[in-house]
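Colleague: Below are the chains, spelled out letter by letter.
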Amino acid sequence: MSAADGPVLEARSLVKDFPLRGGVLRVGPRRRWLRAVDGVSLALAPARVLALVGESGSGKSTMARLLAFLERPDSGQVLLDGKRAEPRRARAHRRHVQVVFQDPFASLNPVHTVRHHLARPLLIHGQASRRQVVAAAAEMLRRVSLEPVDQFLDKLPHQLSGGQRQRVAIAAALAAGPRVLLADEPVSMLDVSIRLGILNLLQGLAAEQRLAVLYITHDIASARYFADTVGVMYAGRMVELGPAEELVARPGHPYTRLLIAAAPEGRSGAPEPLPQRAGGEMGRKDKGCPFASRCPLVMARCREQRPPELALGPGRWAACWLHERGGTNGLRGPGDPSQAVVLTGGL
Amino acid sequence: MSRPSGKVLVGMGLLGFFVLVAVVGPLIAPYDPSATSPETLQPPSPAHLLGTTQTGQDVLSELLVAARTTLLVGGVAGAVATALAVLVGVTAGYLGGLEDELLSALSNVFLVIPALPLVIVLAGYLRGAGPLSVALVISVTGWAFGARVLRAQTLSLRERDFVKAAPARGEGTARIVLVEILPNELAVIVSGFLLITIFAILTEASLAFLGIGSVSSWSWGSMLYWAQNAEAFTIGAWWWYVPPGLCIALVATSLGLLNFGIDERLNPRLRAVGDSKRPPRIEVTARAEPARLGPEVVLAVSGLRVEYGSDPTAVQAVQGVDLELRRGELLGLAGESGCGKTTLALALAGLVSPPGRVTAGRILFHSAGGAETAETVDVLGLSGEALRHFRWRRLSVVPQGSLSSLNPLLRIRAQLVDTIRAHDRSVGRRQLERRAAELLDQVGVDRRWLDAYPHELSGGMRQRVMLAMALALDPDVVVMDEPTTALDVVVQREILDQITTLRRRLGFAVLFITHDLSLLLEIADTILVIYAGRIVERAPAEEVARRPAHPYTAGLLHSFPSLHGPRRVLDGIPGMPPDLRRITPGCPFRSR
Numbered sequence: 001m002s003a004a005d006g007p008v009l010e011a012r013s014l015v016k017d018f019p020l021r022g023g024v025l026r027v028g029p030r031r032r033w034l035r036a037v038d039g040v041s042l043a044l045a046p047a048r049v050l051a052l053v054g055e056s057g058s059g060k061s062t063m064a065r066l067l068a069f070l071e072r073p074d075s076g077q078v079l080l081d082g083k084r085a086e087p088r089r090a091r092a093h094r095r096h097v098q099v100v101f102q103d104p105f106a107s108l109n110p111v112h113t114v115r116h117h118l119a120r121p122l123l124i125h126g127q128a129s130r131r132q133v134v135a136a137a138a139e140m141l142r143r144v145s146l147e148p149v150d151q152f153l154d155k156l157p158h159q160l161s162g163g164q165r166q167r168v169a170i171a172a173a174l175a176a177g178p179r180v181l182l183a184d185e186p187v188s189m190l191d192v193s194i195r196l197g198i199l200n201l202l203q204g205l206a207a208e209q210r211l212a213v214l215y216i217t218h219d220i221a222s223a224r225y226f227a228d229t230v231g232v233m234y235a236g237r238m239v240e241l242g243p244a245e246e247l248v249a250r251p252g253h254p255y256t257r258l259l260i261a262a263a264p265e266g267r268s269g270a271p272e273p274l275p276q277r278a279g280g281e282m283g284r285k286d287k288g289c290p291f292a293s294r295c296p297l298v299m300a301r302c303r304e305q306r307p308p309e310l311a312l313g314p315g316r317w318a319a320c321w322l323h324e325r326g327g328t329n330g331l332r333g334p335g336d337p338s339q340a341v342v343l344t345g346g347l
Numbered sequence: 348m349s350r351p352s353g354k355v356l357v358g359m360g361l362l363g364f365f366v367l368v369a370v371v372g373p374l375i376a377p378y379d380p381s382a383t384s385p386e387t388l389q390p391p392s393p394a395h396l397l398g399t400t401q402t403g404q405d406v407l408s409e410l411l412v413a414a415r416t417t418l419l420v421g422g423v424a425g426a427v428a429t430a431l432a433v434l435v436g437v438t439a440g441y442l443g444g445l446e447d448e449l450l451s452a453l454s455n456v457f458l459v460i461p462a463l464p465l466v467i468v469l470a471g472y473l474r475g476a477g478p479l480s481v482a483l484v485i486s487v488t489g490w491a492f493g494a495r496v497l498r499a500q501t502l503s504l505r506e507r508d509f510v511k512a513a514p515a516r517g518e519g520t521a522r523i524v525l526v527e528i529l530p531n532e533l534a535v536i537v538s539g540f541l542l543i544t545i546f547a548i549l550t551e552a553s554l555a556f557l558g559i560g561s562v563s564s565w566s567w568g569s570m571l572y573w574a575q576n577a578e579a580f581t582i583g584a585w586w587w588y589v590p591p592g593l594c595i596a597l598v599a600t601s602l603g604l605l606n607f608g609i610d611e612r613l614n615p616r617l618r619a620v621g622d623s624k625r626p627p628r629i630e631v632t633a634r635a636e637p638a639r640l641g642p643e644v645v646l647a648v649s650g651l652r653v654e655y656g657s658d659p660t661a662v663q664a665v666q667g668v669d670l671e672l673r674r675g676e677l678l679g680l681a682g683e684s685g686c687g688k689t690t691l692a693l694a695l696a697g698l699v700s701p702p703g704r705v706t707a708g709r710i711l712f713h714s715a716g717g718a719e720t721a722e723t724v725d726v727l728g729l730s731g732e733a734l735r736h737f738r739w740r741r742l743s744v745v746p747q748g749s750l751s752s753l754n755p756l757l758r759i760r761a762q763l764v765d766t767i768r769a770h771d772r773s774v775g776r777r778q779l780e781r782r783a784a785e786l787l788d789q790v791g792v793d794r795r796w797l798d799a800y801p802h803e804l805s806g807g808m809r810q811r812v813m814l815a816m817a818l819a820l821d822p823d824v825v826v827m828d829e830p831t832t833a834l835d836v837v838v839q840r841e842i843l844d845q846i847t848t849l850r851r852r853l854g855f856a857v858l859f860i861t862h863d864l865s866l867l868l869e870i871a872d873t874i875l876v877i878y879a880g881r882i883v884e885r886a887p888a889e890e891v892a893r894r895p896a897h898p899y900t901a902g903l904l905h906s907f908p909s910l911h912g913p914r915r916v917l918d919g920i921p922g923m924p925p926d927l928r929r930i931t932p933g934c935p936f937r938s939r
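Protein sequences, first through last, are from chains A and B.
Counting from 1, position 305 in the first sequence corresponds to residue 305 in the numbering used here; the numbering is continuous, with no gaps.
In short: position in the second sequence from 1, add 347, done, that's the numbering used here.
Rather than coming from a laboratory, the hints here were simulated on the basis of the structure.
Where hints are given, some of them may not hold.
To be verified - Footprint (simulated), chain B over chain A, 3 or more residues, beta carbon under 8 Å:
hint : region
1    : 107-115
2    : 128-142
3    : 193-207
4    : 219-226
5    : 253-264
Here the structure is a predicted model, which is why all the values come from computation and not from measurement.
Ideal Cβ positions, reconstructed from N, Cα and C, are used throughout, including at glycine.
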């Protein structure tokens, strides 16, 4: 992140707990809680894309919902332009921070036309007067390359393809005139062949309109393609952060390596099988590293002490004990033959 | 908007006729319906087209005047009850929490009380009151069911992204309910209105017939009441009681037909039921000789065509597909949404259902065994028990979306056991249990999940259970339709590894359908690329990766970013697959 651009939107140590339903009758002495987000900080800067990568249940979508005040954080702060934003004043906040949802088949109201979806945010956030609203809506469509505009304004969602719907959803988010766009898995429901079109569109918007973009995905390859910075989340915590290119080339955290190994590469011939899960599903633990039960390189202290954010270079860190004392222990890529030995040797 | 069906037109015609009668009836009635005359109990004659009553009143005039009361009671009761249902149901569903609990309790109480006795009690207080009071009494008893339905609808709509996104956009509550939610419930509301109106008309007739409510004003019900009092039924004065009874039945029928029209609009499958009754005409082109199949081929498809809908606007989802699946092979089928991939999978399992139908082609299944025991099955010729036997024993399907494919109310154990038992009744209980546990072991899910319900499993585990169910009867072919699409990459990779291992051990062949060509390159032996219902390329996986022959394949290949090599701008494929309703000659990909 260049020094000239201060962050537009910042998260500081956000925490969110969700109640777990206890039994059929929802009664019980104590409610159990799931910590969906566990002290995550991040910063979004104009014209930059930050990707949050992780598997289902890692808390990455909750982060987006917290940043947009669709959920209230239990602790921690959200800062807009360096000033603390209040969940009470959510409407004013959303004028600047807009969300694009994952499923374009669910995010548009089936009974309303494209015109309605674009006109409402334009009117609500005062981006256009009633008389100009159609022209403004047309302009939004042009920005997301849905042309000829006249053909699209009066279409209903079911008359559009998945990619076109997602473009409408993006246009509707842009219509509020935001400076931050939170895109929660914007392409994972779309065909592979049209994903790139949407990502290229978002990238162009980030550059041209100096939008700060948060891109949430489980596909680390698309994060590398699209984002400047990548943060990796696991079990509610951020476990690694760094410039996209570097992080993928030399992943510091064993979980990041797992994500990279799992990504389909489009080469023929079966890749190395993944190491078996030692402890099964993702666990939330109070002490130690959350990944310890699945980690092929786990050490005794990983189960006892929570690893701090250990710096791996400028703007890069990983929360993993492998990097204590600044060692280069984990900085080899997955393609490195010695690494393969370590990974499989850990079984 | 499609043309309304015949049923709807008949319903609209009938209802329109009765509404017209209700409006102009009193004006065109030949006599004063209450005026008595000496011509008592006359059968129909030119002077009295529908005869006269015991006191010499003209039945036709009564009928015409009564139409207004009956329709008014029906309409008013329908409107008031629907308004109540919308108010209570939508409020409860949208607000949730304590409000929901209270309002739901209220509607449950009204649902439990039998409607007719309650109406009789309430109407007892209103003896002699006008038809409007009767309408109100009926609506008080008739709203609860509609409220339940609307509450459920609102609950599910509230969870949809477009409603959740509305406050994020800055919409107020009233607007969200009125503009975002209510229009989506219109069909349910109208259908509820029609049902309550039918209920009200029938209830009004029952009340009047029992002599409760307003027997002094003319309604079809009160006509029946007087007819019954005068023992018209026993003396055979059919002209007195048949017309009002018939009118009630016809109005109720017309409303029912309109309701059917709404159902049809909501569920297109019903519309096509009529079409599917005629036997599918399958033109068997070039009868493939079974002998031609080599022993290594387990499934051979030739010239397969599948259409959805009726002839002029039919969607040609699969347009003459040929494919061969070898024993133990993993054949990948890649293509975008709307290219006919899933339809092809359904056709192979004989699962195409109306409005879809197979119109041409041949699917031959060749079972394993030596030259004498091997049998060749013509899949499209199968039906009933034989088709059931073929499906799952020979060829099973792992469908898209594991959550919707598992029964949410049954434990995993029961679903596995049922699958085996549905095809093999001879297996004992103990053995079934053991087999179910083995199947879970096989797909790498711990046995303790046998007693879990589907929602307690993660998406990856559910998909593994689906895989276990597909393998339950040791099929030769497993068709997998986007088995990993909804999963994240780590789980996807784990499941793919599992499939590869199992295939090596058990030797089944797989047809793996996906839109993600990068996956196929890693796991498939041979790759078919489908576009606009046609296979555009077939090649071994390495070949496709190295030298894609069709520009569409090349487009798919350049659609996913890589983890290695320089970052470069990729374009994907512009545009979208063509509309399969219009068959254009030449290459369907040329426009892109």
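Colleague: Each hint: holds or not?
Modeller: Status of the hints after comparison with the structure:
1. Proximity of the region 107-115 of chain A to chain B, defined as three or more residues with a beta carbon under 8 Å from a beta carbon of that chain, is established by the 6 residues found.
2. With a cut-off of 8 Å between beta carbons, the region 128-142 of chain A has 0 residues touching chain B; three or more are needed, and the interface restraint is violated.
3. Taking a C-beta to C-beta cut-off of 8 Å, the region 193-207 of chain A contributes 6 residues in contact with chain B, enough for the three needed, and the coverage statement holds.
4. Coverage of the region 219-226 of chain A by chain B holds in this model, with 7 residues showing a Cβ closer than 8 Å to a Cβ of that chain against a need of three.
5. Under the rule that three or more residues need a Cβ within less than 8 Å of chain B, the assignment of the region 253-264 of chain A holds, with 7 such residues.
Of the numbered hints stated above, the single one contradicted by the structure is hint 2.
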